[in-house]
Amino acid sequence: MILLWLILVPFIGGALAWVSQRINRAFPRWFALVTMIVDFVLITSVWVTYAPTIYFSNKATWIAQFYHTWLPQMGISFHLALDGISLLLVALTAFLGIMAVLSSWNNKRDHEGFYHFNLLWTVAAVIGVFMAIDLFLFYFFWEIMLIPMYFIIATWGRENKSRAAIKFFIFTQAGSLLMLLSILGLYFINGNATGTYTFDYQALIHAPLSARAAGWLMTGFFIAFAIKLGIVPFHGWLPDAYGSAPVAGSLLLAGVMAKTGAYGLVRFCLPLFAHASIHFSSIALVLSAVTILYGALLAFSQTDIKYFIAYSSMGHMGFVLMGVTIWGTMSLQGVVVLMLAHGISVCALFMLAGSLDMRLNTLDLKRLGGLWADAPRFGGTFMVFALASMGLPGLGTFIGEFLIVVDTFRVSPAAAIAAAIGAVVSVIYALLLVERVFQGTKNNTVACPDLNKRETAVFAVLLILIVWMGIYPKPFLDMSAPAIKTVRCIVESKNADQPFFPLEHGHDTR
Amino acid sequence: MTLVDLKALSPFCIIGAAAVIVLLVASVWRNRLFTLIATSAGTIAALAAVIFAAIPAVPIDVLVLFRVDGFGLFFICLVLLSSLMVALLSYGYFRAKNVLFEEFFVFLLLATLGAMALTVSIHFTSFFIGLEVLSISLYSMIAYLRTDGRGTEAGIKYLVQASVSTSFLLFGMALIYADIGVMDFSKISLACGPGGPASMLSSIGLSLIIVGIGFKLALVPFHLWAPDVYQGAPAPVTAFIAAISKTAMLALLMRFFHSFEGHPGLVVKVILWTAAIASMFIGNILALLQENVKRIIAYSSIAHMGYFLAGFLCASALGAFSASFYITVYVITTLCALSVVTLLSEKDEKQMIADFRGLAFTRPVPALAMTVSLLSFAGIPLTAGFMGKFYVVAAGVHSGKVWPLLISLIIGSVFGLFYYLRVIFAMYQRPLPQSTQETKENSLSRAAFSQSWTVHLVVWTTAILILFIGICPGPLFDVVKTMVVK
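Going line by line, the protein sequences match chains R and U.
Going by this note's numbering, the first sequence opens with residue 1, and the numbers climb by one from there.
Going by this note's numbering, the second sequence opens with residue 1001, and the numbers climb by one from there.
A portion of the hints provided could be inaccurate.
What the hints assert, rightly or not - Some chain R residues well away from chain U (every beta-carbon gap over 10 Å; in silico):
1) 81
2) 110
3) 203
4) 300
5) 402
Unchecked claim - These stretches of chain U come out as covered by chain R in the derived footprint (C-beta under 8 Å, 3 or more residues):
6) 1387 to 1397
7) 1409 to 1420
It should be emphasised that the hints constitute simulated quantities derived from the structure, not laboratory data.
Cβ coordinates follow ideal geometry from the N, Cα and C atoms, glycine included.
Between the sequences and the hints, there should be enough to build the whole structure, so can you do that?
Dropping the structure here:
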């Protein structure tokens, strides 16, 4: 039941926030903040309650489930479930939800109520995506999260917002429709073979698929997820959407929505089409390496801070895809940590960019520079998170990328080398960014006040989190370990009865 | 004709009687509210008759002309409900225009009668008579605002296209009759089926009939009239054409081809496949270029007919189910969108995308309803349109024979998003600064707004229905399944 509340709280809170606008303009944001905090407390309480049992259990089952029939005529149910991976991601989502509300606390805007409504509904739908294990329900939430995000970009975005919003919607929608075809294909193949027509994940895992059908179905899923992750060549929407959305929008897009793609790959692509995914792995590795390098290189040529963050974030998603493709224990753990750490660091960067925009009214690197003297705390914070995004040891992203690259090296040294080059390039551009914004000569006459108390507090929390992940990631690794083990068991058992292994790198020895 | 027959036909009798009553009363005593009440009462009584008299009597063949069965009654209900909505819309619309409109309601009832007849026809005669009753009433409805140039133009255009399509139909019927000498659907399907006596002449006849139906449904390449007529007709009449006359025609098409058990011959299949794919592509692409919301709805309805055909052409039980479900959803969504257009067109014809700018600021409820209906057209979850599209795609995947149609559906839907989002985007932009004169006019029309409660009623009802079906489609699922798929 608590799982249902995790989704309902932001849905209801969003509606209330909208209505409350009529009473007072300040109400919606307070409503939104309280709602998100309640949601975060809920998921933390689940974490605290179940953590001990999870850490010592070898056999992974769902931590909690919620089941209700929805459309039994078609075998559709309202089935939510939580395991270690989804718990971490839900917690991240709720946390970034709080940050999203805080990030735009003092901005003046139209439709205060509608804005927070959209914010909360995005969060609710993303949480739904992370917990749904009925494929229809998953698709349902997957689609719902687009609409409020479309409104956020189209209504409150920066220049070029209409184009960005429409591009975002159309790319993702095209992907989802392909996924819908795949879901239905899976549904009917399973139904025809077993006689029970159901969208339930647990049942569909055992669907008897021919190699050819599995290949096609997996492609549909993969494209949808790759679009969300922003994998080259499906990334066309990403820089514009990240760049044009308001701060809270970019933060949710990069911080949690991109993660739904990675989550989908781990939760659905790998277990459902274990064999086909492995067949596909060489292509996926190439795509991920290209994405890492492409993101890093394009980040260089950007003159707008938000576009800069967008491309660097794309590079990180390349790492995530690489880790999932390798599907080793280490690399999957790396993926989970990287997702969390990237969520935090990208959130901080976008919030910093937002604060800068509010102060100086520009994000153009040519018009920035020499801000350190005015705002040392600002500069310091910015630098730490820029370093985090390039993967400095001691910060969370490093752990994630390290685990992924190490595991990749055992399978495909070439891919690992490409990823490492990408990491090196990212060091250069991260330092370049700090240099251009905070050092050098001042190109702007407007004074830049330092971080105020609210901002300092928010960034301190983010800082603590990212350092914690970098120094003591064990709680996160432990939490995700059983779930990762389950996924790997499914993939391995499905491949055990196959006559050959396409990639000769002996997954079974690990 | 026995008492049971009469029971099955009672909805028809009631609607016919209502038309006569409205006409007679209007000739001695003109009262707008009475006309509305009489029309609505007639429609509701007919609905009651469907539920209490007709449903227990079915399935039954009345003469050789009609087959009253669950399928037909389901579509009759849909037609009646939509016609009730259109009546409410027309009342608000014409009252704001301040014209005499009692006769309009007579035409409305007669057109409804024609549409109802189409849904239960199993014979060329009843098919043709139903179609003509529907079309002739529609000419006058479209051109009802005589002083409006566009309306008159649209009326003439519709007249010309309807005559052309009718002549195609008649010629096709004549060819079939000349070849095999029968006029009822079941015998035709027997004769044209494998091993039947039908010759080439019959397949030409069948193709010509498809062309005639294609004209009515505005399938590409027979779609050229649709945008102009949609744009020129008064908004409630546009709703009637888009919702009711198409529903009736689609029901007829389904019944006609159901008798062939999904194998109407190669030529017909090729025509329908081509028309479906072309409609999805051309409808969606041309809609991209429009600035007028009514024209956008026209082109999008062309595309939606293509989606319907994708379900229909699966030729399976699930296909028939999905097609019927899709029509229902499409009708509700169209009514919702056009009721908002009606609301904005009452004073002056405001139907350009630019007129929708800032609607969310000035009139939040209509803007929200329009958003819901456009999202439903686009097939986004939480709205009925999603469920409709879902079932069509499910049926397609299930049959496994219509992949080209499904791919076109997906590409078409992605194109479709562009123009739906354009309208939505406009509504949520800040309104352009208005001069004080305009602001004054605006507040005046706002006063006129509050009077047209009937239109608001339709906006609310349809928008809530869209959301309801989107969130729990179970009830509609059961109704469609029990009524349509026997």
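Legend entry - Index of numbered hints that the structure contradicts, given in increasing order: The structure breaks only hint 2.
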